[in-house]
Amino acid sequence: MEWANAVVQGLLLGGLYALLAAGLSLMFGVMRLVNLAHGALAIVAAYLGYVLVQNTGLPPFATIIVVIPVMAALGWVLQSTLLNTALNKQALAPILVTFGLAVILQNLMLQLFTADYRSIQVGDLAGASIQITPEIAIGVFPLITFIVGVIVIAALQQYLARTKTGRAMRATSDDREAATLMGIDNKRIYALATAIALAIVGVAGIFIGIKTQFNAYSGDTYLIFAFEAVIIGGLGSLWGTLAGGMILGVATTVGAQLFPSSGTLLADLVFLAILAFLPTGLFPKVVNG
Amino acid sequence: MALLEVESIDVFYGDFQAIYGISLSVDEGETLAVIGANGAGKSTLLKTIAGLSRPSAGDVRFDGTSIATLPPHKRVPLGIALTPEGRRMFPSMTIEENLLVGAHKSRPGPWNLESVYATFPLLSDRRSRLANNASGGEQQAAAIGRALMCNPRLLLLDEVSLGLAPVVVEQIYASLPTITAQGTTVLVVEQDVMHALRVADRVQCLLEGRTVLEGTPAELTRDQIATAYFGI
Amino acid sequence: MSLALSDNTAGHRAQVHRSTRASLVGLVVAVIVVVSLAYGPFAFLTKGNQQNLTTLFIYIILGTMWNLLAGYAGMVSIGQQAFIGIGAYGIVYASDILGLGLWIGLALALVISGIVAYLVSFLAFRLSGGYFAIGTWVIAEVIYLLTTQINTLGAGAGISFTAFRGYKPEIRIAVVYWIALAAVVVAVAVTYLLLRSRLGAGFTAVRDDATAAATLGVNVTRSRRIAWVVAAMGCGLAGTLLAMTTLNVQPGSVFKIQWTAFMIFIVIIGGVGTIEGPIIGAIVFYALERYIGDVGFWYLVILGIIAIAMVLFLPKGLWGLISGNGRLRLFPTGYRLTSPLPTPIANGTPDSREGESS
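Chains as they are written, first to last, in this note's numbering: chain A, 1 to 289; chain B, 290 to 521; chain C, 522 to 879.
For reference, chain A alone in the conformation it holds in the complex (with noise of 0.2 Å):
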């Protein structure tokens, strides 16, 4: 029963793997704007979390009451600095800005931290699992994960849809000029949206650090994960997003099965396979304005 067992894994993984994507999705929405340090950025909140409970002794999920706000800040001063400034330049500018950016901050945590591999530590909840049934047991930890996640797309979605600045990001995305005209400060809106994404990020990267060891490179393997959960859910839809993260988790427990060496192959394989027959992600946003 160790497949049923990939396939429960795999979709509670998929919680994590939303929560990267949420903040990915959230950029590109509100300013077009793909982030390639994304990963990067939750690997430096992964950090921040490991270096706080070495030093502090916070309790490992305790660490997300400083996380949070440090990455929205850095969300929001990088936005309002670097990346405005991108914006306003020639086409290429912000994917370059931003490959950049993940270059530096990755080469700056390998001379922080080395190459090493770190993670945080949980003690006993590492291994604790409920047992459903005698085959099948589901891990507390990826449970939390996966609760998590499903509150924050709950909590984002809301935020777009009912409240006021939520609305005013939305008709950004729609058209920012016809919204600086509803008296809507589009810099301030991309600085907010950065802020947030880079919040839940934070998130995301504790829980990257608790759950694996993590050193300076892997952030790449998280941003692809983040892209192709976007891609797979459709893109501008935040509940999509979440099965996208859930088809690629159980892509990747069942995959390290399948192909040891090469845990990512059958992710990446199924992103292929989805983008060839359903360009358009699962869940299609219906409006093309």
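I should point out that these hints are in silico values taken from the structure, not numbers from a laboratory. One or more of the hints may lead you astray.
Cβ pair distances, simulated, as ranges [as the list claims (entries may be wrong)]:
1) C:R717 with B:R418: 49 to 57 Å
2) A:K89 with C:N573: 32 to 40 Å
3) A:F277 with C:S681: 36 to 44 Å
4) C:A678 with A:Q131: 51 to 59 Å
5) B:T354 with A:Y159: 34 to 42 Å
6) B:A470 with A:W239: 55 to 63 Å
7) A:V140 with C:Y812: 51 to 59 Å
8) C:Q779 with B:K363: 44 to 52 Å
9) C:I618 with A:Q131: 31 to 39 Å
10) B:P410 with A:S80: 54 to 62 Å
11) B:T469 with A:I65: 39 to 47 Å
12) B:R418 with A:V140: 42 to 50 Å
13) B:S345 with A:S80: 42 to 50 Å
Reference listing, derived: stretches of chain A covered by chain B, where coverage requires no fewer than 3 residues with Cβ under 8 Å from a Cβ of chain B [what the hints assert, rightly or not]:
14) 79-93
15) 165-171
Distance condition first, Cα-Cα at most 25 Å in a straight line; then the derived DSS-like pairs of lysine-lysine [as the list claims (entries may be wrong)]:
16) B:K363 with A:K211
17) B:K363 with A:K164
18) A:K89 with B:K363
19) A:K89 with C:K837
20) A:K89 with A:K164
We put the CB at the ideal spot given by N, CA and C, even for glycine.
Starting from the known structure of chain A, fit chains B and C onto it as the hints suggest.
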């Protein structure tokens, strides 16, 4: 004192000069119609007042203060709202959400969802329809309603009649007195001269980026207007 | 060639040029440099010099290819390492395993790179902008991971390149050097001719405004696909050179994304959208790597900072600075208008950038 004063502005798009030294002023509560053929510079004039274009010379004053360098989003709280050409609804949002976005920087005043729905009854049944799926007339009414939601002192209307059936244009122009009755100053830009003349206190006609004729609808003759409009 | 248009009203003459005096000088200088470099191993280039220059040549090819994609066809790829790997493995497979020898192996490696690029373009081209970039990376990852599953190619451990077995090292180094020099000339010349062709005008139109180009009858996808396939074959060529210099192809090395990072740095530093830019960029990048490369990871941090600063504040790169923002052109690819009238600055409306990102 005039609420809006535009003083001999020049406006360029790249190398192309769209406006040559246009001046105008609108008093509080007045309705001014700016008419002219396609390419006369009407829309550029409104964009410059709303802040989407910057004049390279001249000044734009609102309530006595220069606003020529303010970005558009900072003009809204002062009470300037533009219904842009082509309506520019937010397509992925419902009609009601579009109206609510209009209230993003709302000033105190008579306009809210209820009063907008009361003024444009056709919107009332369509409030939860996606703007993208609304008809042209519904979109135009919603675009005006969206601009009203911030309770503007000055409402700028760009080509209200463009691409709409005459019946619908009638309906929309019929609601204009309700708006001006609230004391709102209106600057309307139109190619449709008849409608413009009917609602306006004063008319200003543009040709190739310059003012060629001004006056009240009563004192201008059809021939004068035709000459000014076509430049013959 | 020059074509005179008379402007009667103003009494001025505006002229459309392609060649300039500088470009003629450029051609002569290029020929002299290439001939001297070709003669070098007989006279003034040591084995070490030749090896270093071979590395530089690989960088020039890579930069030129990435520039063809981004600078002309407007496509940012971060998956070009796929074709470096395919080129490297391709030559090993064809030369050694199939026993076809060095030259046919080299040709076959390029053909394989082109075919794979053509096939995957149907997937990659479903994405655009930044998502296209990550998509190309995923494709590169898949090709990498699949390669490590193939036992004939040494799976995860890599494979040796043995076509040069029996050559004396100094002969091998010189031969590889000459091949690399020829490869640079071919890569730059093909790119140059491609851009000067009708297709090249189409590229520029596509980069500047894909929608407008499409309405004017430029087949956007076809132009992009040709650029993509040519760039892949160029990267494949660089891959074969890597196999020749290292004599050992390892998946983790030939397929690493750092190759693409290097290409991006080279093009950004040298200047995007010109033939000269990547050549200058490769020389500067190579020098930086040699002289400050030993500061460890700080080196890449510094490169990243330089790259961001250049993108934001010096978007035409060093070549833009040297050439006075494009007035000097050694390899002119477009037509130029010289006129006593003020040159129009095609800025468009303030928001002309809006549409193309979505």
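Do the hints match the structure? See the list:
1. C:R717 with B:R418: 49 to 57 Å: 53 Å, holds
2. A:K89 with C:N573: 32 to 40 Å: 35 Å, holds
3. A:F277 with C:S681: 36 to 44 Å: 40 Å, holds
4. C:A678 with A:Q131: 51 to 59 Å: 41 Å, violated
5. B:T354 with A:Y159: 34 to 42 Å: Check passed, 36 Å falls within 34 to 42 Å.
6. B:A470 with A:W239: 55 to 63 Å: This hint is violated: roughly 46 Å between Cβ atoms.
7. A:V140 with C:Y812: 51 to 59 Å: About 53 Å separates the Cβ atoms of V140 (chain A) and Y812 (chain C), which means 51 to 59 Å holds.
8. C:Q779 with B:K363: 44 to 52 Å: Holds: the Cβ-Cβ distance is about 46 Å, inside 44 to 52 Å.
9. C:I618 with A:Q131: 31 to 39 Å: Distance hint for I618 (chain C), Q131 (chain A) is violated at roughly 51 Å.
10. B:P410 with A:S80: 54 to 62 Å: 44 Å, violated
11. B:T469 with A:I65: 39 to 47 Å: 55 Å, violated
12. B:R418 with A:V140: 42 to 50 Å: Given about 46 Å between the Cβ atoms, the range holds.
13. B:S345 with A:S80: 42 to 50 Å: At 28 Å between Cβs, range violated.
14. 79-93: violated (count 0)
15. 165-171: As far as the region 165-171 of chain A goes, the hint holds, because 4 residues have Cβ atoms under 8 Å from chain B.
16. B:K363 with A:K211: Since the Cα atoms of K363 (chain B) and K211 (chain A) sit roughly 47 Å apart, the hinted pair is violated (cutoff 25 Å).
17. B:K363 with A:K164: Judged against 25 Å, a Cα distance of about 18 Å means the pair holds.
18. A:K89 with B:K363: It holds: about 23 Å lies between the C-alpha atoms, which stays within 25 Å.
19. A:K89 with C:K837: Holds, because 12 Å separates the two Cα atoms, which is no more than 25 Å.
20. A:K89 with A:K164: 29 Å, violated
Hint compliance for this structure: hints 4, 6, 9, 10, 11, 13, 14, 16, 20 are broken, all remaining hints hold.
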